[in-house]
Amino acid sequence: MILAFANLSWPVFADALALGGIYALMAVGIGLVFGVLRLVNFAYGQLMMAGGFALAYGDQWGLPNWLSVLFCFGVVLLLSVLMDHLVFRPLRAHSPAVMLVATFAVAFVLQNVALIAWGSFGKTAGSLGVWQAPWDIHGVFIRKIAIIAIITAAGCLVLLQLLLTRTPVGLHIRAASMDFRTARLLGVRANRVIGGAVVISGLLAGVAAVMLSVEQPQITSTWALPETIYVLMGVVLGGLNRPIPATLGGFSIGFAFGLLGGILPTNQSQYLPSFIFAAVIVVLLVRPNGLFTRGGAAVERV
Amino acid sequence: MSALAVENLSVRYGAVEAVRGLSLEVKPGQIVGLIGPNGAGKSSTLHAVMGSAPVVGGDVRLDGGSIVGRRPEDVARRGIALVPEGRRIFGELTVEENLRLGLAARRKGRNGAGLARAYEAFPVLREFRSRHAGVLSGGQQQQLAIGRALAADPDVLLLDEPSLGLAPRIVDVVFEALMQIRDAGLAVLLVEQRAQRTVALADESHVLANGELRLTLGPKDAGDTDRLVAAYLA
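These protein sequence lines map, in sequence, to chains Z and Y. Counted from 1, the first sequence has number 285 at position 285 by the working numbering; the numbering is strictly sequential. Counted from 1, the second sequence has number 233 at position 233 by the working numbering; the numbering is strictly sequential.
Hints in this document: simulated from the structure, not taken from any laboratory. Mixed in with the good hints there might be a few duds.
Stated by the list, open to error - Covered stretches of chain Z (in silico footprint by chain Y; criterion: 3 or more residues with CB under 8 Å from a CB of chain Y, positions within the stretch not fixed):
| id | region |
| --- | --- |
| 1 | 168 to 178 |
| 2 | 188 to 202 |
To be verified - Every beta carbon over 12 Å from chain Y, so not counted as near; a handful from chain Z, in silico:
| id | residue |
| --- | --- |
| 3 | 73 |
| 4 | 132 |
| 5 | 141 |
| 6 | 152 |
| 7 | 165 |
| 8 | 183 |
| 9 | 185 |
| 10 | 283 |
| 11 | 285 |
For each residue, glycine too, the CB sits at the ideal point set by N, CA and C.
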């Protein structure tokens, strides 16, 4: 282990930050929808997968990269909105368990549709692979994607924070996350708030899909699925019912994966998920409300 | 014409009939009190008006048009503001953000004073506007809850036990504010536990028991404790 730490270098550190950033975006996306619906959307990874396939088609059709990325955003957003209208809204008044199972169902349906349509090998989204090339920063070679991901994640988080704190719709989303019933009695429109959260969450899924496709250009039906599970771990680890702790939790998991994955030799890093899951269990035993929350805030559902 | 009219209203939660055939009216520039023991159906009546309690019979009219079956946010956006029981302020938001939430229900084409109106009614809110609402005292939180409702520039104001848990001095502040709100032309429906003070303040007060209207009292009856007690025990 001690020798392994000798592998810590700027490129590894940058990769870890980048992975943390991508996971943080996914965590915010999951956390925002949880805030207003008290629903963990297990189909989040499949939203990203759909975005991945959109990128692959953009590639196949020879679209310029910016258009591929837009196409990816469009597909993810459309799916998000469809999910909201076809699944979330009709089931909103039902128990959390019903909604949870429904998102599982959606996840499996999307996954199997992808499997039937594109087979187990899926498709390749390779044109953003140019971002794998390193930049030379004073003799340190850092991959472009690491820097792009760090800047994009930071930018998205800052924009989101501004949206949530400086605009009426942001205020309404925050209020609805705290006490939906009272927010509605004050005139906050439930459908608009939920729709807003779903759209933002979808956009973040699109951004995360673009970043992840650079790391993993082979898009299959299970693409982004392990990442979603890790991020869910992180969100629970940080504190599910608070956006900033949830984001920090997602970031921590991504950063830990990136760092340990970079510095451990392969024969040890293959056990990495097991070790991290064990660590998560230990943390939750000690701090069941999450690592980054103060006290226990009870979750009340509409 | 009355701003708010409740006609033969019935509310039922499962097998429990919370309100039975209640009728009342509130005109602009009028305070109507709704008093009675716990479980009499006072809060259920307010929530039925807001569209957040199950109405099984009767009607609720705002300026003559029925609003039964509308969603709470739509009722609020038509000009009825509720100051809910327990204040229900957002403790993690600042005072000003709480007031801004009140703007959610402001109707299009109305540029009422909004936040300024709340600050004018309760100057302490302006002083504490950038603090988290959770650190305010109970009395200040109640003023915030009423200020938040005023920011929506409503025609009808519903209050659910605004004096609950407040020191007598603060109750005076709240009741004084209600008089000013009435004088500004709003229709006020006030649910209260403090029967005597409510009867003295309101233009008329209905005593509710077991979901039914038992008695209607005017300000002159405020000293008539016997009638009040009898109505409660009936």
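Subject >> Index of numbered hints that the structure contradicts, given in increasing order >> reply: Hints 7, 8 and 9 are the ones this structure does not satisfy, whereas the remaining hints hold.
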